[in-house]
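Required output: the full structure, derived from the provided sequences and hints.
Heads up: the protein sequence lines correspond to chains A and B, in order. Counting in the numbering used here, the first sequence runs from 1 upward without gaps. Counting in the numbering used here, the second sequence runs from 1 upward without gaps.
What the hints contain is simulated information worked out from the structure, not anything from laboratory work. In this text the structure is predicted, and so the values were computed from the model without any measurement. Incorrect hints may have been included.
As the list claims (entries may be wrong) - Derived CB-CB ranges, DEER-like:
#1 A:Q44 to B:R107: 14 to 24 Å
#2 A:G28 to B:G53: 17 to 27 Å
#3 B:P112 to A:F69: 45 to 55 Å
#4 B:F111 to A:L113: 29 to 39 Å
Idealized CB from N, CA, C, for every residue including glycine.
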Amino acid sequence: KAGVTQTPRYLIKTRGQQVTLSCSPISGHRSVSWYQQTPGQGLQFLFEYFSETQRNKGNFPGRFSGRQFSNSRSEMNVSTLELGDSALYLCASSRGTGQETQYFGPGTRLLVL
Amino acid sequence: AQSVTQLDSQVPVFEEAPVELRCNYSSSVSVYLFWYVQYPNQGLQLLLKYLSGSTLVKGINGFEAEFNKSQTSFHLRKPSVHISDTAEYFCAVNNNTDKLIFGTGTRLQVFP
Chain A
1 KAGVTQTPRY LIKTRGQQVT LSCSPISGHR SVSWYQQTPG QGLQFLFEYF
51 SETQRNKGNF PGRFSGRQFS NSRSEMNVST LELGDSALYL CASSRGTGQE
101 TQYFGPGTRL LVL
Chain B
1 AQSVTQLDSQ VPVFEEAPVE LRCNYSSSVS VYLFWYVQYP NQGLQLLLKY
51 LSGSTLVKGI NGFEAEFNKS QTSFHLRKPS VHISDTAEYF CAVNNNTDKL
101 IFGTGTRLQV FP
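Listed below in structure tokens is the structure:
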């Protein structure tokens, strides 16, 4: 079974630009969660999508948004990039019951200059 | 609100020695507990999880953890570590949602 895939793996952007990250979950998984990992703040929950609906949301500004498609693939968008958005963005998928294991992708490393 | 505390940011240990990585949590409701490992430039891999039942949970790579409700702890242990166990370890909690709350991580450094 293929694991969670994320594209691109690395990205360099400048302040003010926007970026879109993609996540393909494990086949059969309907929940996709996004996390931001930084040295200063650690791992922080961004949001979770289940069956194309945002089900949970973390404490991030509106510049961070996401969506999920009918095939459960998900995209995350960050608009008006700031230097502090530089981070490793991790995507995780699960069946969506809360008790199921979340399987993580390798992440997208975003550098904002 | 839930929170997770990993008191040790770094744990140095010699190869073949035992190790314990500490995790304490706070929550007003029943929780599910997880330990994940992150190797350099990789995502997170589940080591083990506690949902219910036996408080001693065995995971991959020889790791185990014990859920202690009275002390609100979920410490991770391994009786004999290997160089390959060098990595960052994260304790996490959720309350039956897909929103994981992570601790700040513990860097395990195994020396030969």
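Hints and how they fare:
1. A:Q44 to B:R107: 14 to 24 Å: Since the Cβ atoms of A:Q44 and B:R107 sit about 19 Å apart, the hinted range of 14 to 24 Å holds.
2. A:G28 to B:G53: 17 to 27 Å: Holds, at about 25 Å.
3. B:P112 to A:F69: 45 to 55 Å: 48 Å, holds
4. B:F111 to A:L113: 29 to 39 Å: Cβ of B:F111 to Cβ of A:L113: about 37 Å, so the range 29 to 39 Å holds.
Hint compliance for this structure: every hint is met.
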